[in-house]
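Here the protein sequences come in this chain order: V and H. Using the working numbering, the letters of the first sequence map in sequence onto residues 1 to 215. Using the working numbering, the letters of the second sequence map in sequence onto residues 1001 to 1215.
Worth double-checking, as some hints may not be accurate.
Unchecked claim - Pairs of lysine-lysine, PhoX-like flavour, derived with a Cα cap of 20 angstroms:
#1 H/LYS1013 with V/LYS13
#2 V/LYS5 with H/LYS1009
#3 H/LYS1013 with V/LYS5
#4 H/LYS1005 with V/LYS9
The hints are simulated quantities; they were obtained by calculation from the structure and are not laboratory data.
Number of protein chains: 2
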Amino acid sequence: MSIIKIERKVLEKNDAIASDNRRQFQEKNLLVLNLLSSPGSGKTTLIEKTITNCKFTKKIAVIEGDVQTELDAERIEKLNIPVVQIVTNGACHLDAQLVRDAFKRLVDISFNLLFIENVGNLVCPAGYNLGEDHKVTIISVTEGDDKPLKYPAAFRNSTAVVINKIDLLPHLNISLDVIRTNALKINPKLEIFEISCITGEGIEKWCNWLNSLMR
Amino acid sequence: MSIIKIERKVLEKNDAIASDNRRQFQEKNLLVLNLLSSPGSGKTTLIEKTITNCKFTKKIAVIEGDVQTELDAERIEKLNIPVVQIVTNGACHLDAQLVRDAFKRLVDISFNLLFIENVGNLVCPAGYNLGEDHKVTIISVTEGDDKPLKYPAAFRNSTAVVINKIDLLPHLNISLDVIRTNALKINPKLEIFEISCITGEGIEKWCNWLNSLMR
């Protein structure tokens, strides 16, 4: 049996479980966002800001994915938000089975919006369907304006991209326009948000978008 | 046949080719460094600065690994340095076979130091031996001070870590001390370099280290 066949089998099995996840999410009437990015682009901080700054009447829960540590779950827990940490022990992405297992621990809790924070990795998570409504890719301006071209799958499979840490732009030789243009070259349908979680710039537009998806 | 058995077979086959690579590198009396980092931490820029700023009598060649595009190889080529681009087409790391194939194209060229720039990914490349003398992990201060704890394999398997973009520290709520402490918690033997490729701070110490390895 070839490795490619094994991979196809793994992806087929994943897709079947992802469909089951989606059914469960719809039964609970949830909006589910799968957040992808490199390590340190600001996924957890964006979730924190969404919790503290978006004036939702809706409730949030979070599934955290990490290779190691429960540091991210601890950050979310401090905000009194239900959170489940998945530690992948070296695996470079979440899969539908891991999310199904984590979701079981949230089943008795009432909420409307579920963030799934994937492992910090701009390559592997892009290929795995978890049953989410939308993938959202976060990129920090410090990572350079060529990243959409170099890591196209995440941008191609996402509904939206958050260009984060724009407060650092004055200190960088980076063009927001070029990031935007390159992202749209890969996926012309992308919603683009330009955000600083430090100054709060752009957060309101992001909140409004989330609200519109939950209507 | 189980997936774990297949994975073990893949790694065994990779290690065998890596040993062959190492033999070839030693025959040519090369120092070979395998550079690991997240996307946008500054691997290519560090290679550029090494080429332009280190006063080596030795010659450099580069193998570039990317999921897509030849952008990085084009940057190195501009400096008149022999470079081979590997495009992995979605694969999240280089493997020994890809490096062996790339190295064939450098075999008639005279050089002493080979940089292998891995795919931008702090997870997958850490597990693959390419036949290098040393792995070096690059982390940008913008990525946060918890990264060594959250992505330990890269730090555990590296000889050195380059903490990059230190010129941005005044604009960040990040402690260099905490990055350093966390890195040493994972691997107490790590050589640590604190560098700004913009201001040039720390580059000389890095050059001296490379020189000492080539003696």
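Checklist entry - Where does the structure disagree with the numbered hints, that is, which hint numbers, in rising order? => result 1
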